[in-house]
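J.: Each chain, written out:
There are 2 protein chains.
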Amino acid sequence: MIVIHLNAFLFACGHHRAAWRHPQSTVERLGDITYWEELARIAERGKLDAIFFADGHTPQNVADGPRWFFEPLTLLAALSRATTHIGLISTVSSTFFTPFHAARMLASLDHMSHGRIGWNVVTSMFDAEARNHGFEAMPDHDWRYARAEEFIAATLALWDSWADDAVLNDRAGAWAMPERVVPVNHRGEHFSVDGPLTVPRMPQGHPVLFQAGASEQGRDLAARRAEAIYAVAWDLEVAQDYRRDILRRVREASRSDAVPVMPGLVTYVASTEDEARAKQRELDELLPAATSLRQLASFIGQDCSDWDLDAPVPDLPPLETFTGPKGRYATILRIIESERPTLRGLLGRLAAGGGHCTMVGTPASIADRMEHWVRNGGADGFNLMPPSLPGSLEDFVDHVVPELQRRGLFRREYESATLRGHLGLTRPECRRG
Amino acid sequence: MIVIHLNAFLFACGHHRAAWRHPQSTVERLGDITYWEELARIAERGKLDAIFFADGHTPQNVADGPRWFFEPLTLLAALSRATTHIGLISTVSSTFFTPFHAARMLASLDHMSHGRIGWNVVTSMFDAEARNHGFEAMPDHDWRYARAEEFIAATLALWDSWADDAVLNDRAGAWAMPERVVPVNHRGEHFSVDGPLTVPRMPQGHPVLFQAGASEQGRDLAARRAEAIYAVAWDLEVAQDYRRDILRRVREASRSDAVPVMPGLVTYVASTEDEARAKQRELDELLPAATSLRQLASFIGQDCSDWDLDAPVPDLPPLETFTGPKGRYATILRIIESERPTLRGLLGRLAAGGGHCTMVGTPASIADRMEHWVRNGGADGFNLMPPSLPGSLEDFVDHVVPELQRRGLFRREYESATLRGHLGLTRPECRRG
Chain A
1 MIVIHLNAFL FACGHHRAAW RHPQSTVERL GDITYWEELA RIAERGKLDA
51 IFFADGHTPQ NVADGPRWFF EPLTLLAALS RATTHIGLIS TVSSTFFTPF
101 HAARMLASLD HMSHGRIGWN VVTSMFDAEA RNHGFEAMPD HDWRYARAEE
151 FIAATLALWD SWADDAVLND RAGAWAMPER VVPVNHRGEH FSVDGPLTVP
201 RMPQGHPVLF QAGASEQGRD LAARRAEAIY AVAWDLEVAQ DYRRDILRRV
251 REASRSDAVP VMPGLVTYVA STEDEARAKQ RELDELLPAA TSLRQLASFI
301 GQDCSDWDLD APVPDLPPLE TFTGPKGRYA TILRIIESER PTLRGLLGRL
351 AAGGGHCTMV GTPASIADRM EHWVRNGGAD GFNLMPPSLP GSLEDFVDHV
401 VPELQRRGLF RREYESATLR GHLGLTRPEC RRG
Chain B
1 MIVIHLNAFL FACGHHRAAW RHPQSTVERL GDITYWEELA RIAERGKLDA
51 IFFADGHTPQ NVADGPRWFF EPLTLLAALS RATTHIGLIS TVSSTFFTPF
101 HAARMLASLD HMSHGRIGWN VVTSMFDAEA RNHGFEAMPD HDWRYARAEE
151 FIAATLALWD SWADDAVLND RAGAWAMPER VVPVNHRGEH FSVDGPLTVP
201 RMPQGHPVLF QAGASEQGRD LAARRAEAIY AVAWDLEVAQ DYRRDILRRV
251 REASRSDAVP VMPGLVTYVA STEDEARAKQ RELDELLPAA TSLRQLASFI
301 GQDCSDWDLD APVPDLPPLE TFTGPKGRYA TILRIIESER PTLRGLLGRL
351 AAGGGHCTMV GTPASIADRM EHWVRNGGAD GFNLMPPSLP GSLEDFVDHV
401 VPELQRRGLF RREYESATLR GHLGLTRPEC RRG
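Which chain is which? The protein sequence lines are A and B, in order.
1 is the number of the first residue of the first sequence in full-length UniProt numbering; add one for each residue after it.
1 is the number of the first residue of the second sequence in full-length UniProt numbering; add one for each residue after it.
No false leads were slipped in.
Output of the computed footprint for chain A on chain B, the stretches with three or more beta carbons under 8 Å from beta carbons of chain A:
no., stretch
1, 16-22
2, 182-195
Computed from the model, here is a short list of chain A residues facing chain B with C-beta under 8 Å:
no., residue
3, 33
4, 174
5, 176
6, 181
7, 198
Which chain B residues face chain A? A few, computed with CB under 10 Å, are given here:
no., residue
8, 25
9, 67
10, 72
11, 74
12, 79
13, 96
14, 168
15, 199
What the hints contain is simulated information worked out from the structure, not anything from laboratory work.
Glycine included, each C-beta is placed from N, C-alpha and C at the ideal position.
Go ahead and model the full structure; you've got the sequences and the hints to work with.
T.: Next comes the structure, spelled out in structure tokens:
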């Protein structure tokens with residue numbers, strides 16, 4: 001039997017960059033914790049595996065729209081008290097944090113939530129973020145991945161510094177056994193940390209490690225360390241290629257565990273295809289054309305300010321001749337080739353989820369496509385990226401989830417109370433040095 | 001009219017080192033978030049100004065008893081959702097954190113709690129903690145205080161990086177005004193941070209700064225920066241000296257604000273003096289004598305393992321001749337001189353609150369003494385250190401608080417919804433560079 005895993009990736013007013021401009025948007029509530037509690041409860045009503053937060057360390061261009069508000073670890077702590085079963089995944093940057101802080105906060109959260117925490121390891125991207133953490137610019141890719149590797153090793157060691165049975169609560173004797181709470185004495189290129197942690201061993205053993213490996217080093221890191229993987233796949237073929245590659249690397253790393261691969265997925269759901277397309281168009285039309293065209297110009301390396309918004313996008317030069325960043329350019333070429341969109345349609349696609357897959361349609365047609373991806377090796381689940389919140393998340397939970405449940409592809413009730421349980425992952429042994 | 005400020009300093013099973021050994025102790029619940037929620041609600045029922053958490057980065061001797069469990073920032077996030085009015089104060093170490101992380105998490109919490117957050121700045125103490133954060137040993141006192149000074153400056157600058165009116169939520173225009181969200185470009189000896197923060201300006205302007213300055217540098221830092229001050233005072237005379245000194249330094253720093261000074265206070269409350277003393281003795285008798293005697297030996301620089309536990313403590317050599325750390329030794333001399341305790345009584349005093357004041361008695365007699373301290377320049381309030389939890393906190397809230405309220409010394413209802421409001425502090429202006 002196929003079981004689909006579903007995360008809700010919650011971001012500001014939604015993943016569509018113009019979502020906050022909608023008259024009914026939640027933009028006034030971004031600093032209101034009850035807004036995030038409501039979203040978490042909608043996801044939990046849908047029995048999703050987890051909610052997930054990205055993170056950034058610079059506000060970027062605040063005129064264009066909101067990106068960040070609450071810091072994700074404090075946010076997840078609050079949300080752990082508004083929910084009972086759903087997993088709670090936070091991004092923590094291995095470039096900007098240090099292992100002791102990350103290990104301690106995530107451990108605290110895993111206790112608080114009774115075993116529902118996941119950690120999405122990222123190495124961060126922008127110079128402006130690096131300059132908030134003492135760097136002059138973002139350290140290069142190799143350095144960041146070497147640090148991430150060491151960061152994970154040190155963090156796992158700290159999480160293993162308390163044996164499962166270390167705490168005795170023996171009122172006439174010892175609170176905990178000193179010989180079961182041991183230093184880790186990590187000495188590496190990037191970190192020096194003695195341990196032990198201040199927090200006893202966690203309900204899940206340790207939080208579930210997520211990673212989104214894209215580059216060669218990222219894929220290798222994910223294959224060696226990640227217990228679940230986020231992916232970026234515009235279409236099934238890309239998804240299959242990525243999943244095949246990453247699972248090969250997992251096997252080569254001598255791991256026998258099943259590592260769920262979850263591509264991002266933007267959905268516009270309605271009771272007819274036309275209505276679903278209208279929902280998408282409504283958001284696309286809120287995009288300020290000038291800003292979007294300037295951004296597209298930077299992606300494709302040519303001015304497009306006088307192109308007709310409602311005409312098909314003109315043909316672009318082939319990938320081989322393009323000298324800018326190729327990944328996004330390749331995605332743009334694929335969108336144009338497969339969908340022949342108008343210029344406004346292309347801007348809308350790029351404004352919601354970037355290179356991630358978008359599915360527009362009825363609950364049945366979207367469930368068909370999701371099932372097709374899962375049955376054909378493209379995914380073990382999806383990282384849902386609702387274009388507008390709470391609407392797109394509610395549409396998915398109330399209409400697509402029941403359709404997946406009817407097909408036996410998704411749980412009707414939680415069968416576990418931990419994120420590991422939802423994902424079918426085993427509790428790791430405590431490995432003492 | 002005199003108004004007393006009251007914080008509840010929540011620590012493990014209570015501040016008495018043997019509290020966890022009591023048959024009814026909460027030691028099994030330290031990792032259960034509902035235990036901390038219950039404590040926070042008891043304090044809120046008593047209309048206290050705030051609850052307060054210390055922090056440490058090493059578990060110390062885990063056989064002797066529990067010290068830490070939840071990390072305090074994630075803990076406060078959860079507690080902000082279980083309470084509505086009470087202030088929430090976390091310790092954050094300026095030696096182990098960096099300004100961007102601290103500013104961002106505390107800002108997130110201030111939004112989440114609608115303006116109830118306080119930050120107790122500490123420079124940390126132990127080599128074992130330093131070795132969890134990349135140091136070989138704890139950096140020296142001067143270095144730590146120079147770093148703390150710069151840490152506070154950079155953090156305040158980040159908190160001012162968003163103007164109060166920066167966010168517009170203008171759906172047809174800008175989310176926020178870029179010219180009102182500005183870099184801080186801090187370049188110092190210890191930190192380099194560009195800003196701006198990712199979090200808009202907070203309900204309180206910024207969290208309330210607490211400090212517990214003891215050394216010369218600590219007192220100067222507190223006088224320049226703290227908005228409220230924790231103190232250590234064994235008796236009224238020490239409290240008066242400290243408060244007089246710190247308020248002189250506040251004036252010398254050209255500050256006109258009233259800075260509440262709050263000494264720590266351990267209380268044993270019961271309906272008769274005898275019952276109160278019996279409560280204290282019950283905890284003292286749970287102390288493992290051998291461990292306590294070893295500790296006392298280290299404090300006084302001589303072996304005391306064969307002294308009689310139930311006889312008065314023998315006279316000790318005068319302070320001038322003692323070559324170890326003088327502060328604690330002086331406190332021990334004062335306890336012996338003023339109370340002529342048995343050895344067991346002395347061990348008990350040292351095991352609950354260390355050099356802080358202890359009051360044992362009826363609600364009226366304790367309220368008398370608190371009032372005396374406040375009317376005679378010893379304190380603007382107290383940082384309550386319940387020796388056992390939840391019992392000692394409940395005793396105080398249910399019996400001493402009503403007595404203080406009857407005397408018009410303490411609020412009957414919250415008159416504000418922010419920590420600044422409770423403490424009578426003004427909301428700071430946003431100072432843009």
